[in-house]
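Start from the sequences, fold in the hints, and give me the full structure.
Counted the way mature numbering (1 follows the signal peptide of the UniProt record, and there is no 0) counts, the sequence shown spans residues -24 to -1, 1 to 80.
Read the hints as simulated data drawn from the structure, not as lab findings.
Treat the hints with care, as some may be off.
Derived DEER-like restraints, expressed as beta-carbon distance ranges [to be verified]: (1) 16 <-> 79: 45 to 53 angstroms; (2) 26 <-> 74: 20 to 28 angstroms; (3) 7 <-> 69: 28 to 36 angstroms; (4) 74 <-> 10: 35 to 43 angstroms.
Note that the structure is a prediction, hence the values are computed from the model and not measured.
The C-beta atom is built at its ideal place from N, Cα and C for all residues, glycine as well.
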Amino acid sequence: MKDAFLVMTLSMGLLAVAATHAHAQQDRCATREGVVSRLSEKYGETRQSIGLGTNNTMVEVFASGDTGSWTILVTDARGISCLVASGQAFETLAEAAPIPEKDA
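Written out as structure tokens, the structure reads:
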């Protein structure tokens, strides 16, 4: 299930990055260290999943189990992180992949 969630998260994050790249760099980007520190201190969020995106970017999902807040963060090779999405009601799921039916 974590793989399916990560794929969905990466897809959403990459689409958001492509659509808002110029705007994100102006308003929603800073050093990774600074962004991660703020997510932890202000929102109580910790890293829940990680994956590699295009052009050697790192895509991470941060979330708080206490408040349910979540943030998708994309970091480039220079260590600059951009917030691409955030929201509420984060849940960790443990769904199994469906078993394909076999032809008789």
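Status of the hints after comparison with the structure:
1. 16 <-> 79: 45 to 53 angstroms: holds, 51 angstroms
2. 26 <-> 74: 20 to 28 angstroms: Holds, since residue 26 and residue 74 (Cβ atoms, about 25 angstroms apart) stay within the stated range.
3. 7 <-> 69: 28 to 36 angstroms: For residue 69 against residue 7, whose Cβ atoms are near 32 angstroms apart, the range 28 to 36 angstroms holds.
4. 74 <-> 10: 35 to 43 angstroms: holds, 41 angstroms
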